[in-house]
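Kindly generate the complete structure, drawing on both the sequences and the hints.
For the sequence shown, the numbering used here assigns the number 25 to the initial residue and increments by one for each residue that follows.
These aren't lab readings, by the way, just hints derived from the structure by calculation.
Think of the CB as a built atom: it goes at the ideal place given N, C-alpha and C, for glycine as much as any other residue.
Hints are not guaranteed to be accurate.
Below, a list of computed lysine-lysine pairs in the BS3-like style, where the Cα atoms sit at most 30 Å apart [stated by the list, open to error]:
no.: 1; residue 1: Lys192; residue 2: Lys182
no.: 2; residue 1: Lys225; residue 2: Lys192
no.: 3; residue 1: Lys295; residue 2: Lys225
no.: 4; residue 1: Lys274; residue 2: Lys206
no.: 5; residue 1: Lys59; residue 2: Lys156
no.: 6; residue 1: Lys182; residue 2: Lys206
no.: 7; residue 1: Lys59; residue 2: Lys192
Computed Cβ-Cβ distance ranges for the label pairs, DEER-style [stated by the list, open to error]:
no.: 8; residue 1: Asp189; residue 2: Asp222; range: 40 to 48 Å
no.: 9; residue 1: Val294; residue 2: Gln266; range: 42 to 50 Å
no.: 10; residue 1: Leu288; residue 2: Ser245; range: 20 to 28 Å
no.: 11; residue 1: Leu288; residue 2: Phe203; range: 32 to 40 Å
no.: 12; residue 1: Asp190; residue 2: Val294; range: 42 to 50 Å
no.: 13; residue 1: Ile386; residue 2: Val55; range: 19 to 27 Å
no.: 14; residue 1: Ala248; residue 2: Glu332; range: 51 to 59 Å
no.: 15; residue 1: Gln223; residue 2: Ile257; range: 31 to 39 Å
no.: 16; residue 1: Val200; residue 2: Ala226; range: 32 to 40 Å
no.: 17; residue 1: Ala249; residue 2: Arg185; range: 49 to 57 Å
no.: 18; residue 1: Asp189; residue 2: Thr143; range: 43 to 51 Å
no.: 19; residue 1: Glu332; residue 2: Asp222; range: 43 to 51 Å
no.: 20; residue 1: Leu387; residue 2: Ala53; range: 17 to 25 Å
no.: 21; residue 1: Ala248; residue 2: Ala226; range: 18 to 26 Å
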Amino acid sequence: MSSHFRYWRWATLRQLPLAIAIAAFGITATVFAAKVIPPTYTATARLLVEATAVTNGKNNITDSSTSAAHLQNIENRVLTLSRLTQIRDELALDLPVEDFREAITFETLSGRGKSTTMTITLAMKDPNLAAKVTNRLAEEVLAEHRAIRTERAEAALKFFRQEVDDNKLQLDAQFVRLFNFKSMNAGTLPQDAPRYYDQRKALVAQLSLRPAARVTSTAHSRLAADLSAARAIYAEQHPVVQALAAKMTKLGPAQVVAQTNNPLVMEELVKIDAALADIPANEVRLDTLQRDYDLAEAQYTAAMERLEAAAIEERIALRSEGERLSIVERAALPDSPTGPRQKIILATGGLLAVLLSLGVSILRARSDKRVRRPKDLETTMGLMPYAVIPQMKPS
25 MSSHFRYWRW ATLRQLPLAI AIAAFGITAT VFAAKVIPPT YTATARLLVE
75 ATAVTNGKNN ITDSSTSAAH LQNIENRVLT LSRLTQIRDE LALDLPVEDF
125 REAITFETLS GRGKSTTMTI TLAMKDPNLA AKVTNRLAEE VLAEHRAIRT
175 ERAEAALKFF RQEVDDNKLQ LDAQFVRLFN FKSMNAGTLP QDAPRYYDQR
225 KALVAQLSLR PAARVTSTAH SRLAADLSAA RAIYAEQHPV VQALAAKMTK
275 LGPAQVVAQT NNPLVMEELV KIDAALADIP ANEVRLDTLQ RDYDLAEAQY
325 TAAMERLEAA AIEERIALRS EGERLSIVER AALPDSPTGP RQKIILATGG
375 LLAVLLSLGV SILRARSDKR VRRPKDLETT MGLMPYAVIP QMKPS
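If you want it as structure tokens, here you go:
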């Protein structure tokens, strides 16, 4: 064993009385604290997320979605200072509201294929108060859950009512456009074409044809002009071009009408040809308006279905039916304290006291500036010792 180690062991052991005093004081203080600290009792209530008891037969639009995020929202609302102050005053609790909030613990457990549960734990000095306050907090969670369901149901109902009103206005506007177009173009709509063809066939039969002086019918000329203009703008597959081409095919090749001595028949034929020439363009416009009206009607029907579902959800929420959050285990009266843990306090305090005493002993030994070894003469005074009187052990 080196002389250096023996010296530090000796110097440390010289501080043993002080170390023992510090350790004894620390252990005594730890024992006193373990005895003086009042016991605490912990009460626990458990809530379970359940499937709705009543549904509307469809996907619930205003479902409060008792997921972890929803339960976290409820926890934040319940743990507000105003809410805890109200509970503290109602139950006459003698503790600051901040300490009250620190004593409350919310824990949410969930997972795939598992039910979601919320556990409320409260530690207090009085076991009766611990159970009573924990149950009250569980009731506050249920009340907040119902309030959120009701708020969302009412907000959804208001939203879908406004959506129905907006879609109703659009549907009425589309109906007015469609009705006005049919009124303004009465007589030149697609359903009028068969009647005009029959009338024209009958008028042509009355004519006394002459081999000379043939002219192309006005209907065929106007239809051919419309088709040429459409092909100049749209592709051949465009609905407008295809509709005009179909009308041209139905009208047949360029018809010729011979001059006749019956001007009334000719005048009537001109009117019929003009009406037939207007029908293809009116048909395209009518199809567009009808399609817009059908789309508006479908949107209105869908909005009405969503409004009906929201109304059912509101009635479920207002009647407190279909709840998905319920108390499955109320807080019972604690039969034994859960804290403080005296064994852990004693063990931790004793260990800290011993470590503190050793640390103080070593620190005092190292801070001692007195000359005790030849090496101390060199470090403190800069002197080189020539001889050392050996230390004799007692016999």
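Outcome of the hint check:
Between Lys192 and Lys182, the direct Cα distance comes to roughly 15 Å. Compliance with the 30 Å bound is thereby established for this hinted pair. Our distance criterion of 30 Å between C-alpha atoms is broken by Lys225 and Lys192, whose separation comes to about 46 Å. Only pairs whose Cα atoms come within 30 Å are accepted, and Lys295 paired with Lys225 is accepted, the gap being roughly 14 Å. With a CA separation close to 23 Å, the supplied pair Lys274 and Lys206 stays within the 30 Å bound.
Between Lys59 and Lys156 the CA atoms are separated by roughly 27 Å; this keeps the pair inside 30 Å, and the hint holds. Proposed proximity of Lys182 and Lys206 is contradicted: the alpha carbons are some 36 Å apart, above 30 Å. Taken as a hint, the Lys59 and Lys192 pair is broken in the structure, with Cα atoms around 76 Å apart against an allowance of 30 Å. Evaluation of the 40 to 48 Å hint for Asp189 and Asp222 yields a pass: the beta carbon distance comes to about 47 Å.
Between Val294 and Gln266 the CB atoms are about 28 Å apart, so this pair departs from the stated range of 42 to 50 Å. At roughly 22 Å, the beta-carbon separation of Leu288 and Ser245 lies within the given 20 to 28 Å, and the hint holds. Our hint of 32 to 40 Å for Leu288 and Phe203 holds, since their Cβ atoms are close to 34 Å apart. Hint check: Asp190 to Val294, Cβ distance near 48 Å, so the stated range 42 to 50 Å holds.
For Ile386 paired with Val55, a C-beta distance near 26 Å keeps the hint of 19 to 27 Å intact. Restraint check, Ala248 to Glu332: a C-beta distance of roughly 53 Å satisfies the suggested window 51 to 59 Å. In this structure the supplied range 31 to 39 Å holds for Gln223 paired with Ile257, their Cβ-Cβ distance being about 32 Å. Separated by about 37 Å at the C-beta atoms, Val200 and Ala226 satisfy the suggested range of 32 to 40 Å.
The beta-carbon spacing between Ala249 and Arg185, approximately 51 Å, falls within the hinted interval of 49 to 57 Å. Look at Asp189 against Thr143: about 45 Å separates their beta carbons, and that is inside 43 to 51 Å. Between Glu332 and Asp222 the CB atoms are about 49 Å apart, so this pair conforms to the stated range of 43 to 51 Å. Checked against the hint of 17 to 25 Å, the C-beta distance between Leu387 and Ala53 comes to roughly 20 Å, which is consistent with it.
Separation of Ala248 from Ala226 is about 24 Å and conforms to the stated range, judged on CB atoms against 18 to 26 Å.
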